[in-house]
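Engineer: Turn these sequences into a full structure, and let the hints guide you.
For the protein sequence lines, the chains are A and B, in the order given. My numbering puts the first sequence at residues 1 to 460. My numbering puts the second sequence at residues 461 to 636.
It is worth saying that the hints were derived from the structure and are not from the lab. Treat the hints loosely; a few may be bogus.
Stated by the list, open to error - Restricting the straight-line Cα-Cα distance to at most 25 Å, the calculated cross-link-like pairs of lysine-lysine (DSS-like) are: (1) Lys151/A to Lys629/B; (2) Lys566/B to Lys144/A; (3) Lys566/B to Lys175/A; (4) Lys93/A to Lys175/A.
Predicted model, so just to flag it, every value in this text is computed and none were measured.
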Amino acid sequence: MINLKPLLPEIFLTLTIISYFVYGFYARSRCSLSLFVFVGGLVTLLLIPLSQGIAFKGFFVADLLSQALKFVFLITLLYVVAFSYSYDQIKDKVYYEYMILLMLSTLGMMLVVSSREFISLFLSIEFMSLSLYLLAGIVLFDFKSNEASLKYFLLGSLASAFLLFGIAIIYGLTKSSYFPDIQGVLQMLSSNEYYLICGILALTLGLAFKAGLAPFHQWSPDVYVGAPTPVTAFFSVAPKGAALGAFMRVFSEAFVVVKDLWTPILVVIALLTLFVANILALRQINLKRLIAYSSIAHAGYVLLAIIAASERGIFALVFYFLVYVFMNLGAFAVILSHSEGENLESYSGLYRANGFLALAMLGFLFSLTGIPPFGGFVAKFLVFQSLVEIGLVWVAVLAIMLSVPSIYYYLRIGVRMFFMDRTKVELIVPSTEVKLITAISLAGVFITGLFPSIFYFIFQ
Amino acid sequence: MDLLVFLYLALGMCIPGLLAVLSKNPVHAVLWVLVLIIHQAFLLYTLGSEFLAAVQIIVYAGAVLVLFLFVVYMINLRMEERWRVFVKRSSLGLLILLFFAFFFFKSLAFLTALSPHFKANLHYDLSQGTNLWWIARYLFTHYLFQFELIGVLLLVVVLGAVFLLRKLKEVEGDSL
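Structural biologist: This is the structure we're talking about:
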């Protein structure tokens, strides 16, 4: 008998999806569909702490890394369901398919972070990506949305091919696709590392594309702007978490014995990502584009924790995403709260139009910059701590220096909100769910910043 | 004799592969890929995996390539589209190719040394059962999780196809 307990959340979510298939034939109103998905996601979320251990000969594992990231994905799903409810660009006609694609991609991501084997890792990455390609083009007659979808699909397929190529090389070298076995074979390998470098490079390229790390980041600003805003919110957190979680698992379990080989590659990618993203974000006036670059930069910080590949590194990655989900999706709640929320101009004098929204946005921006007492500070602190612990102090120092420009582009919005006058004075009254989401995110950002140890309570 | 057969098959895969990429007519390109796939199936057959050879013919030559041909006919492509950008970056592609080729030639000796070790450590013994039997056995026991995963993956594929078709129908409805 197979021990199915570690798969409990996945099995429940699959059952939810299948029952939603049938349910959607009878109930077609937005409210009932959203409610069904919300409740299904919430129950799955609550099942995560019950599912610890390994299943299927070790191919599937539910440990701190995967459980915490699944937690992040499901929170993102709940957020996005709430965002989409009153977002009118996603039409009623496609709402049923939209919700099911959201759930399917979440299921794919949950499988990505739990895979401890290359075949299932590749299959689940494809599973996740296929749903995401469709989500990017969910708005039927929007040229930009369709362009984003096609661009994402073509480039993503190329990245998948590279990923598969890397996996094939590693399999050719070690005759195994199971991470602990690969680690064992690599330990015995003494000479000729050329082939291994080739495999690691191809693998890194594929995963870096999926995580949107420089120099493979060009797709993400276009896709983020083209996709409808709730989908952009989903893209900016969940798939990044899945790809970086897979990164962490591959490099800390399979390749940990050849750490000297891949550390320089990842250091170069991380520093380049921080440099490119922080410089290019300076001149953006579209908020979705700005957040795209900011999310590239955040992926760069998380990659620093992956370089550490230690227990503390895993902890830093997981904590980073837990904070990131609140601060980034909180900022998206503010973007969605008023029409033209994408436009930087519309933030001039927001404080007059709606004080609560402006103050909340300021909190999220402070947190994204990494200013105490918000959660973003603790998250960055943990990342740099894990890096210093393995002796790469110069990388940490360089990364901190490269993050200085981010203060400018985040707080530029803050300055606009409080110190600039509004051309047209009218009150902004956001819908109830947006208000609620903003308040919850603000609470999340504060709590993770003031009491980081609460994290231990959740996952123990 | 074995070497001669292998050399013929290797050339029969490399040359049509190149021609498929280089030929300007899409129909010709698809037909070159067909030649490539048939040689590939023969190579698999000489390696003793008759099941994979049959799958290669039935699935790739029989289904996938026919679909390709359908698409080529339906969108009425006579000549390939050309953009300047693609031509400009060909030097970069050559650089990447040389880079990978360098690594592969560096590790060629290493791989040939490794191959007896591989043969000695095979999980399966072909004298004990047919190819198909071993594949089925592994698929339904050892790799059960991956097999189930493909099942769920197909759900996304079906859903995506239906969704895209619906998009197409809505567009047609608008134009009429």
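Engineer: Confirm or reject each hint.
Structural biologist: Do the hints match the structure? See the list:
no. : hint                 : verdict
1   : Lys151/A to Lys629/B : 22 Å, holds
2   : Lys566/B to Lys144/A : 46 Å, violated
3   : Lys566/B to Lys175/A : 20 Å, holds
4   : Lys93/A to Lys175/A  : 49 Å, violated
Hint compliance for this structure: hints 2, 4 are not met, and every other hint is.
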